[in-house]
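Novice: As a plain string of letters, each chain reads:
There are 2 protein chains.
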Amino acid sequence: MHKLFNSNSPIGVFDSGIGGLTVVKNIIAKMPNENIIYFGDIARLPYGTKSVETIKKFAEQTVKFLLKQNTKAIVIACNTIASVATDTIKTLANEIPVIDILSSGSRAGAFASKNNNIGIIATPTTINSNAYPIAIKKLNKEIHIFSQACELFVPFIEAGITHHKALELIAKDYLQPLKTHNIDTLILGCSHYPLIKDTISSIMGKDVEIIDPAITVSEELFYTLEKNHNLNLQQKVPTYNFYVTDKPIHFQKIGEKFLHRSMEKLEIVNLTE
Amino acid sequence: MHKLFNSNSPIGVFDSGIGGLTVVKNIIAKMPNENIIYFGDIARLPYGTKSVETIKKFAEQTVKFLLKQNTKAIVIACNTIASVATDTIKTLANEIPVIDILSSGSRAGAFASKNNNIGIIATPTTINSNAYPIAIKKLNKEIHIFSQACELFVPFIEAGITHHKALELIAKDYLQPLKTHNIDTLILGCSHYPLIKDTISSIMGKDVEIIDPAITVSEELFYTLEKNHNLNLQQKVPTYNFYVTDKPIHFQKIGEKFLHRSMEKLEIVNLTE
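Chains as they are written, first to last, in the working numbering: chain A, 1 to 273; chain B, 1 to 273.
Be careful, since some hints might not be right.
[Said to hold, decoys possible] If you only want the chain A side, here are some residues facing chain B, beta carbon under 8 Å, derived:
(1) 31
(2) 43
(3) 54
(4) 151
(5) 155
(6) 156
(7) 166
(8) 227
(9) 229
(10) 246
(11) 247
The hints are simulated quantities; they were obtained by calculation from the structure and are not laboratory data. Ideal Cβ positions, reconstructed from N, Cα and C, are used throughout, including at glycine.
Take the sequences, apply the hints, and build the full model.
Specialist: In C-alpha cells:
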C-alpha cells in the first residue's frame, strides 16, 4: 500500500474543545519544525458529561477528517476521548501512530510516585471510565489510585476565571478528600487543568508532584516520530492550521491564552457522519 | 391543506438541554390534561456559548423532529434559542403557534416594573444577542434595561450545586453591578436560573421582583390554546414523552429535580440534518 504521508506531513492533534491547545503549545516548544493541524469540536463540547457511544462517534468523525489531510501521527489531546475511544481510533488510523494523553500521563504518574499513592483529577466521564486506574495498574499493580471528578473546573477556565476565591472554594471541596489519602503525585487528567495549576498546587501543598500530561504526551510524540524516522528535518517555517466546528464569543482570545501565541489560520468546518 | 393536529395532539417543548423542564413543570401544573413531548439536545449543549448560525441549524433540526409528531403548539423553552431563532422556527412551523419564553418573559418584566429599571441575567449568547432589550423596548421605550451575562450559573446548576458559598461569591460578582442601577425587576433570562432563585433573591434584596419566564410562557401557551379552541378537554391520563440526544451521568436525577416528577418515557434519539 502506498504511504500517504512522509516526514514533512503534519501532526494531527484533536480535542473536544480548546484544552488540547496546551498540547499544541508543548509540541511547538519541543518540535519547532513540525507542521500541525489542530481540531477542536467546539460545537459539541463538552464531551466530559456525554455518553461513551456519543464520544466514540464524534471521535471517529474527527479522526476521519484528520486522516484525509495525510497526517503522519494522531495525538488524542483530550483525556475524555482517550479514556473511551483510543482503541476505536487506533483501528481507524491503521499504520499511522496514535499517541494519547491518558497513556502518557499514566506512565509519567507511575514513574513519579515514590509512595505508590497517586491522585487523578478529571471530568466526570474520564473518572467514571476508570481508564486512568486501569492504565496505571497495568504499569504497576502496587500503586493505589484515588480519583476525583472536578466537573466545574472546565466551565471556570472557559469563563476565563483562573484565579478567584470561588474557584479556590470549589477546588478545596474537590481536592480535600485526596489530601487525606497521603498522595505524593497528582495527575491533571484534563487538558484544561494546567491553566489552574497554581490554585491546585497551593491546596495540595509542595510535597505533591503535579503531573501535566500535556507535556508528557509531547515527549512521547517526539520519541515515536524519532523512532520511525519521521521527524520533520526541513528548516522551513512550519504551518499551524486550527479547525473548529464553531467559533464562540471570546474563543480566539481564550485559545491564544492556552496556546501562548496567535491562531492565524483558524477555520470553521462542519463535521457530518 | 389537511390539518395534521387536533386539540388532543401533544404540545412540543424544547431546549438545548435540561432547563426547559422547568417550563414542562409549569405546563403540567396549569394544564393537567395536555400531552407533552419534550426535546433536549443534550449531546450538543450548551448552546449559550455557540454561534448564531449553529444555534439556528440545531433548532431547525429539533423543530422538524417535533413537527413530525403532529404537535399542536411549539414552545421554545430556551432563551438562547428564542433570542436568535424564533423567526426561523415560526416560518418552519407555519400555521402551528410558536410560543417563546423570551417574549413571555419580556412582557411580564415590562408589566411588573414600576420605576422602569429592569435587569436581565442570562447566558453570554442571550445577552450578546440583545434580544431582551429589543423585545422590552418594543413594549415600552421608556424602560431602561441593564444586562448581565452569568456564564457559570448553568454549569453550577448542572453540577447539582444550587446552594454553596462559591456560587454566592460568583453570583455577587455578576449581580452587584445590577444593584447599582436601582432596578425593581429582574428577569431570569435562562430556564436554569429558577433553581437558584434563593441565592439570586438574597443578593438582590426583597425590593426587587424576580420574574420567572418559565411561569409566564406557560400562561401564554394556555391563552393561545384557549383562544384557538385547542385545549385538550379529554379526561384521560396524559402522556409525557421525553427525548434527548444523549443521556449523561445523573441526567435523569437532575432532570427530575427540574421537573419535580419522574421521567418514565425517556428516549435517546439521533438528530441529523
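Novice: Taking each numbered hint in turn, which are not upheld by the structure, reported in ascending numerical order?
Specialist: Hints 1, 8 and 9 not satisfied by this model.
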